[in-house]
Amino acid sequence: MIHYIIRRFLYAFPLLMGVNILTFVLFFIVNSPDDMARMQLGQKHVTEQAVSNWKQQHGYDEPLLWNANAQGKEKITRTIFYQKSVGLFLFRFGVSDSGRNIGADIQERMWPSLALALPTLCVGLLVDISFALMMVLFRGSYLEHAGIVLCVILMSISSLFYIIGGQFFIAKLLRLVPISGYDDGLAAIKFLILPVLIGVFSGVGSGARWYRTLFLEEVEKDYVRTARAKGLTETQTLFRHVLRNALIPILTGVVVILPLLFMGSLIMESFFSIPGLGSYTIDAINSQDFAIVRAMVFLGSVLYVIGLLLTDISYTLVDPRVRLS
Amino acid sequence: MKIPTCKVLLLLTVILTACDVSQLNNPYTGDEGKRSILYQSFSERPKHFDPAVAYSENEYAFIAQIYEPPFQYHYLKRPYQLTPLAATKMPEIIYLNKQGEKLGEEAKDSDIVYTDYVIDIQPGIQYQPHPALAKNSQGEYLYHHLTQAQIRPLKTLNDLKSTGSRELTAEDYVHQIKRLAHPKMQSPIAEVMKNYIVGFEEFSKQVADKQKHEIKNIPMSGVEAINRYQYRIRIKGKYPQFIYWLAMTFFSPMPWEADVFYDQAGMSDKNITLDWFPIGTGPYLLAENNPNRRMILLKNPLFHLERYPSEGEPEDKQNGLLTDAGKQLPFIDKVVFMLEKETIPYWTKFLQGYYDASGIASDSFDQAIQFTGSGGVALTDSMKKRGIQLQTQVETSIFYMGFNMLDPTVGGNSERGRKLRQAIAIAVDYEEYISIFRNGRGVAAQGVIPPGIYGYAEGKDGINPYSYDWINDKARRKKIEAARQLMAEAGYPYGIDPKTKEALILYFDTTSVSIDDRPTMNWYRKQFEKLGIKLVIRATDYNRFQEKMRAGNEQIFVWGWNVDYPDPENLFFLLYGANSKVKHGGENAVNYENPEFDRLFEQMRNMDDGEQRYQIIQQLQEIARHDAPWIFGFNPKNFSLFHSWYSNLKPNLMANNRLKYTRIDTSARTEKRLAWNYPIFWPLALAALLFVLMLIPAIRAYRRRARETLQ
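First to last, the protein sequences are chains H and A. For the first sequence, position 4 matches number 4 in this note's numbering, and the numbering has no gaps at all. Position in the second sequence counted from 1, then plus 1000, gives you this note's numbering.
Just so you know, the hints here were simulated from the structure itself, not pulled from any lab data. Just so we're clear, the structure is a prediction, and the values are computed from it rather than from any experiment. C-beta atoms are modelled at their ideal positions from N, C-alpha and C, and glycine is treated no differently. Where hints are given, some of them may not hold.
Claimed, not checked - Just some of the chain A residues that point at chain H, by a computed CB distance under 8 Å:
id: 1; residue: Tyr1055
id: 2; residue: Pro1183
id: 3; residue: Gln1230
id: 4; residue: Arg1232
id: 5; residue: Asp1275
id: 6; residue: Asn1289
id: 7; residue: Asn1292
id: 8; residue: Met1338
id: 9; residue: Gly1585
id: 10; residue: Pro1679
id: 11; residue: Ile1680
id: 12; residue: Arg1705
id: 13; residue: Arg1707
With the hints as extra help, turn the sequences into a complete structure.
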């Protein structure tokens, strides 16, 4: 297992390098260092000299990928790509183009993202699984049909509608929670109730249908028939046997997204003014802050690689038949 | 251990009665007590708080309350006029010849080689308490030699517990001007100032390889502290507008200790920089800097004595704006700025009383504003019922449609090009644009100068006679037939290009690429279609658009300008030949060049306000209207809403340090908030009941199924 993990980490290096190159190329196809300088310097009194100064101060005065004027290995090392990429692999994200330390910002902003994403995931799982089990329990009846119709309706509505509708109904009309904002510690709870509720509600349709499919697949298996034959009630069969066996795909599906919870939700954070990493990335894209965009894409890739690795490991934990080699 | 049921019930009762459910939606925590707290919002994270760098409105909203340049705009008097802030009086202005000899006030412009601004500052002004100024009992700075071990645990500036202060000196103003020149500062006005301040450029080169804290003892020839409370700035030639720069935060004082403190290795890794933790002498200090969520300004406990103005315009007294005359500033103890990116929550919080003031987004405009029969604007009944106050003001900005004068079709000084531009200026109906796309928030511009700036003429004298007629005491846009006639005279009868024998094709370069911009672009097309011209929209991102502008590859575009200071020079320079974008990289985006215009501009810019200057301004307006390098678009009108508890409200587009004049009636606010925000629970109870009712058939079905399984 240890060998497998090490090998997977080594595989990750070329993958991350590839992601880094791709981000770099895509970003600089759209924005030149001059564009970045002008964006940061504002619109008034921007002279060529000011642009040139900015590029020099921020290390964007070198060639992008290949320095033909340099000697030896400096042809590669004295380039924007090299200068800006090496630190990433050591998790040194450097300074944003507006002058803030990115590492410090990420450390600060990942907690609000997590505070929103983790309860949404946990409560969402609980609600989705319960709803799916109910539909399976009443399969073939009008209750299941009603449940499926409800799921399709919930799936068909845009998440933006849930956000705006939720804000309007619960925060504006009923005045039960603040419409947006965030606070530290336990004071954050009142700000998180509504986005978590909306996050859960908007995911029920697709989640419950997906889990229902998993459960339906399980209930047709021989062991379930055996359980019924033993005289177990439908509830006992579902909760003791079906749920436990269906947990394998559920667990692996959840584990893969766990690390990405740090990355935050772009829309939710923006609408609810939650200072997480999702809004951090969006702001950086809007202000053409390449340093932040690059750091966030890199971090996302690393977390995704970790997520996939954790999924593989979780397989071995929940299914003894699986061995990593 | 078994806990008695009665104890649990008692505990629950205590908890429930302790909960205040009257304002569950209150986004603020903590007791306000008797303090006067103002709640505002910001939508975009400010990038800089260093006064040498900050140049945008969202940055000024904070730093203008913290830093004090020598001068400020009078809060009440109009037209805008400067008044001392940290200075004791307006500066002594001395003209000098080439030999450095003093000239009289009536000296010819050509004789004036230098101008000295001698500024006296008030003694006794103290800096806000700040760790950079903290000293130990031996008088040594506590935090100027921090080790890495001391810096490592720091998360914010407030983690350094000791603070200190010292008196403001003239040397601090000199130090700040040196900082403006330092290449590492990247000050946006450095390139402008090197053309004016003597020794600025040389100093910039001299300190290029030095750290910011190392410039303290390196002199700049044009700037010096004469004594502890007096300093002198020497500028090249005569530049009367320089005084306005001295009212901007760029020229605020900066103690050298701040640079030494913040330049320590490791501080920037913690985001502890001068760009994020300012140090000023103003009425407020930045107590919390979390641009991701919240910014808090607190009253500076060491703020010097400044009083509310006791004179203003005649109607100010009647409007209650002089009630606080002579009282000590500021009135607000704490200002909380919350990050609010979306308009819906922002508007809702304003209506709930959690923000004290608000702008009006397009989607809430109809909810707030209604048009009266006479074409005026008023608050809707629901707003009036809440006691909300409306304040409108035409901004000192202009949005114009520009023609690239280097373009062979729409540009040039030929009669053909001029008539084509004049025809388009009539056809593009900006009154309609303002009505459709801006909810009436703007006025069609008649010239380069917006209202409120010296030289703006009202009434018949102020209209653009090439696009408007004066009918029934109102400016009326000329009929489209007049434009078609001009088209024919220009050689494009019915919009037909004689070269192709087809409709003339013109190109409109824009950054409006989103689907939301489509109606606006269609509107522009229709305006040109009135003349038979086919308008091709070339939408591109902002970077490519700027590239086109720099290279002069655009034909028609829309651009805007917000004045830096209330002087016509800051507007006419946008058409000055020496500022053309393609040739000189300046702000003359249309690349307009007219020797007569340039001559008059050069004459006007150095003059003091007076009849002669006014007449020259009118001549400049006339040339710009005649040559029509711009279609004068519109001057935006700002609509702001304020709750009834907000007082001392007077629009002042030049002063950014308005917070100190603001007063809040906190008890009225508390009362209204309570009345507006009591939660409604019955729909929750109804939903719970419905849920239970829905469960009944499910339970029945389950029981039936369980019985069937057993059978």
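Taking the hints in turn, this is what the structure says about them:
Taking 8 Å as the C-beta contact cut-off toward chain H, the hint placing Tyr1055/A at the interface holds, the least distance being around 6 Å. Below 8 Å, beta-carbon pairs count as interface contacts, and Pro1183/A has one with chain H at about 5 Å; its hint therefore holds. Because the smallest distance between the Cβ of Gln1230/A and any Cβ of chain H comes to about 29 Å, over 8 Å, the interface hint for this residue is violated. The beta carbon of Arg1232/A comes no nearer than 25 Å to any beta carbon in chain H, farther than 8 Å, and the hint placing it at the interface is violated.
Taking 8 Å as the C-beta contact cut-off toward chain H, the hint placing Asp1275/A at the interface holds, the least distance being around 5 Å. Hint status for Asn1289/A: violated, given a least beta-carbon distance of 11 Å to chain H, over 8 Å. At its closest, the beta carbon of Asn1292/A sits 3 Å from a beta carbon of chain H; the interface hint therefore holds under the 8 Å criterion. Checking Met1338/A against chain H: minimum C-beta separation of about 6 Å stays under 8 Å; hint holds.
Proximity of Gly1585/A to chain H holds as hinted, the smallest CB-CB distance being about 6 Å (cut-off 8 Å). A hinted interface residue such as Pro1679/A counts as satisfied when its beta carbon comes closer than 8 Å to some beta carbon of chain H; here the least separation is about 5 Å, so the hint holds. For the restraint placing Ile1680/A at the interface with chain H, the shortest Cβ-Cβ distance is roughly 5 Å, inside the 8 Å limit, so the hint holds. With its C-beta approaching chain H no nearer than about 6 Å, Arg1705/A sits inside the 8 Å limit, and its interface hint holds.
Taking 8 Å as the C-beta contact cut-off toward chain H, the hint placing Arg1707/A at the interface is violated, the least distance being around 10 Å.
Hints 3, 4, 6 and 13 from the earlier list are contradicted by this structure; the remaining hints agree with it.
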